[in-house]
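Undergrad: Spelled out, the chains give:
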Amino acid sequence: MTIDTTMKIGIDLGSRKAKFALLDGGAIVRLADYDTVTFYKRFGRVIEDDLLLDLAGSGLFSAEELAVASVTVTGYGRNTISMRGARVISEIRAHVAGAIVQTGLKNFTLLDMGGQDTKVALVKGGRLADFVMNDKCAASSGRYLENMASILEVSLDELSSHWEEPVPLDSTCGIFGESELIGQILRGHPVARLCAGVNQTLVKRVLPMLKRFPGEKLVLTGGVALNKALVRLLQTETGMVSIVPPHPQHNGAIGCAFLGSGD
Amino acid sequence: MSRIGFTTTIPIEILIAAGKTPADLNNIFITSDKSQQFIEDAEVDGFPRNVCGWIKGIYAAVLESGIKEMIAVTEGDCSYTKALMEVLSMGGIRVIPFAYPLDRDPQSLKAEIEKLMAHFHVGWQEVNAAKERLDRIRRKIREIDRLTWEENRVSGEENHYFQVSASDMNGDPDRFEAEIEAFLEEAAARKPFEDRTRIAYIGVPPIFSGLYPFLESLGARVVFNETQRQFAMPYDTPDLVEQYRRYTYPYDIFHRLSDISEEIDRRHIDGVIHYVQSFCFRQIEDMVIRRRLDLPVLTLEGDKPSRLDARTKIRIEGFLEMLGEKHPMVNS
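Protein sequence lines correspond, in order, to chains A and B. Mapping the first sequence onto numbering that gives the first Met the number 0, position 45 (from 1) lands on 44, and the numbers just tick up by one. Mapping the second sequence onto numbering that gives the first Met the number 0, position 130 (from 1) lands on 129, and the numbers just tick up by one.
Chain B extracted, bound-state conformation (with noise of 0.2 angstroms):
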């Protein structure tokens, strides 16, 4: 079976339906160990200092990994997209795009869907087919958050893991849907978190690593992880067309906006980490989300992979520090 690869979130039900393998390419570049490397080997072919960190990997992990084909997201997304489509084409690599609408418009969506079909030889009976398998194991991954918001028996980092990986099925979904068995069977029985502090994580996936357990060492933890549970198709929709357009992370600001804000309700929410890339055109929507959120908002940057520095930990403390204020600092 080949290997498919893709820049961001894409329907995978049609990669599974042609019997193809689907590969993140954010995955592959971020679990590497060489992730770190693949920045900077990028960089030696030219790419620059001051570009996103994901595009620089993505680029990298293609090359390492030997992928020869994969679709490239050039609506709905960054366009460093574009360019890093049109240098891997020059490698070779065989690039197809993918646009969601800005407009959300469901034939444009449907259009997109049905070229993307077309390239792989499926049609709409194999497509829902692979749908209704998909969306099984999707049900399964709700549960674990659940587990997390509701139950408080899930970390943030497990939550992070399970939705996130939704994106590819960790290429294999029949063995990702039994580790989420057996993770469910095992998070059930446990002895639910005692945290003080409820975070919402909003934005991209972090580039760097120990977020989650270093809040939890602070007595704060992550019960909602806002684009991965995007990632994991959160809302049981029966029509494919419908699933991408609610699906909100390639979409404007404000629709992404109107379910972080039902999210931060139910989960009772005390503050918000936004993380935002380097060099992402996401970081001017921190101003958007400031303005819209009327909790406490803490904007992490990260640039490269690398552990949790020294500084992000110093303001991540004082955020915490200031949730749990209770009283004056000093009585006068």
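Here chain A stands alone, though its shape is the one from the complex (with noise of 0.2 angstroms):
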């Protein structure tokens, strides 16, 4: 690689968080997310369909940074909203190119999950050879495991810990496996047991995904690579090697900022 000088942001809006990269040539300056609701309202605003974002009010940047850095941009908004002053890329590709960046693997199956989307995407020879997304349905995401965590009490770190003696649930809906859930916790299983059980049904809606694309390693981003648990679990379910890149969570905004290197 040469060296890279260039201050480049990357930003990846997503449906629970928006993040951001700052990168200096290929080395990762500063990482940072926000709410995304808190985000748009107070830093966001829409002028004639192209969305204008506040960074310099929102204090993640400094003035001389902004003044040199390209901006680079994916996210759920990305066809719905252009962004004034930046480069919008899409979703995949971001995921991609942090993946590639991040692991320095060039032949994998990555799985990123978010909030709301499961993208499973085949890499080979650091190209995008195929990918599946979930469509109609969220259960498969993060949004599931928050929402689960708060029927249970417990926190998502605590959710996140438990992959042993998973009770089954069966529901395919992710708002009806509440009901469901509840009546477990009714029959007095343990919570070690409940969680394990999230745990392994959020693995059993992305296997046939997953099973689409199979290779030797599996790349895991997105907010929920952070639960142990799954990792742990996909790992066993697949047979695949885990890799879980430093942040996950920024992947896509890291990919972003590489990808925005005016090329």
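Not one of these hints is a red herring.
Anything over 12 angstroms on all C-beta distances counts as not near chain B; from chain A, calculated:
id: 1; residue: S154
id: 2; residue: S160
id: 3; residue: S178
Below 20 angstroms or equal to it, Euclidean Cα-Cα: the simulated SDA-like pairs (lysine to any residue) are:
id: 4; chain 1: A; residue 1: K203; chain 2: A; residue 2: D169
id: 5; chain 1: A; residue 1: K135; chain 2: B; residue 2: D308
id: 6; chain 1: A; residue 1: K135; chain 2: B; residue 2: K303
id: 7; chain 1: A; residue 1: K135; chain 2: B; residue 2: L307
id: 8; chain 1: A; residue 1: K210; chain 2: B; residue 2: I283
id: 9; chain 1: A; residue 1: K135; chain 2: B; residue 2: V50
Sample of chain A residues at the chain B side, in silico, Cβ under 8 angstroms:
id: 10; residue: S89
id: 11; residue: E90
id: 12; residue: I91
id: 13; residue: R92
id: 14; residue: R126
id: 15; residue: L127
id: 16; residue: D129
id: 17; residue: F130
id: 18; residue: M132
id: 19; residue: D134
id: 20; residue: K135
Since the hints were made in silico from the structure, they are not lab data. In this text, a Cβ means the ideal position worked out from N, Cα and C, and glycines have one as well.
With the hints in hand, could you dock these two chains into one complex?
TA: Structure, rendered in structure tokens:
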């Protein structure tokens, strides 16, 4: 890689969190995130169909950084909103680039699980070869884990630490799953086993997508990759080596920043 | 002239020969400005949410349009049609069943066609005369298709429209033919498209709108509309029974795939969009399609009539980027 001293900002506007990355060449200078709704309310507005983000007002970047850095954006608003002064790229592109940059791998299956979206991509020779994405239903997403943690009255960290002896949960619907879980609480199952059951359900939902792209290495990104129990269960179910890059939640933002070199 | 509705393409030569006005109920449903309302009406009447949107749309379209007699394709399309037929017959609609034989047996197909002919009191002479009349129009539609893939002068949506309309000739063959002729004259003089990516669209026609222009806004164009082309009877077969035997849509996926593969090669396709309808049995066939086609396949799912949604757009963009990706994304 040639030495690159260009400052590059990458922004990934997710359904739950807005993620930011500042790169100096290939090196990560800063990572940050905001609750998406809070961020839009405080620093976003739409003028003539263009999204304007008050990056200076957000305090995430200095005036000097904003003056010299390129800005590349991806995220849920990709199609509905174009952002002024920024290059907009597709989510799949941003996530694959982020995973390649963060892991140094060129051949792998990527599983990105965010607040609503689950994407599975096959990367061959550093190139996107195929991908699938959840559609019509978001029961296989981070939001499901948040809801279930709240029903169980445990933190996401707590939920993420259990994988042994999962209590089977079978609802197709993430909302009906809540009442099913309540029923299982009444039966007196320990919380640890119920947490494991929730994690196991998520794995079962993404397996059909993962089975399309079998390989040796599975790179996990998105907020859900911070769930250690899930990573372990996935490894067991798929037989693939699971790799979580250093910054799974900021993977899209890092990918954006990296691709923003003005090529 | 009385209008005869039908649930999917049937030998309309028989209706034309009988002096009836053919009405493809799918077209009535999807082109109505009340198409979204139709789905809600059907659900209010008791159709489950997890049933194909086309069935619900057809149901409401029949009631709304005042059609009193219709042909229901009971074999070769989905089994939802059978229950639809039962429900509509209870409402006083006269329903005539028509079955494409699963094994494409010529004798069975001929018997089905002759049964339909007997119902409408027409003989082979009138039916063959109607076929000649319709084949003239179909040849002109074939020219529109050729201008699409060979000369690149026709958009994916125009290609879709003229071929999909061939199922009922928009209810008026003469007027439709005049429309085709005017279009051909205009299109032949156009500057060719300069798109980068050539797409095959396979599966039933989309229930959502805006797909074709969206693809074109990203430098890709549909140059093969599989099912729509089938509705336009593309093989120029002199014999009527043989024509509806070669017609691929109502038969097995392998019969369809042989046509798809041939056209993919001939039209130099870069990628395939397989459209599937929510709750349709054809979603299962996606597995076969993915295994049998060597090209990248993007499977899109549609449920109700609407504009192309943001999620589907994200997936299309990613797919087109993937097709256009000539170099590794990140050099390291």
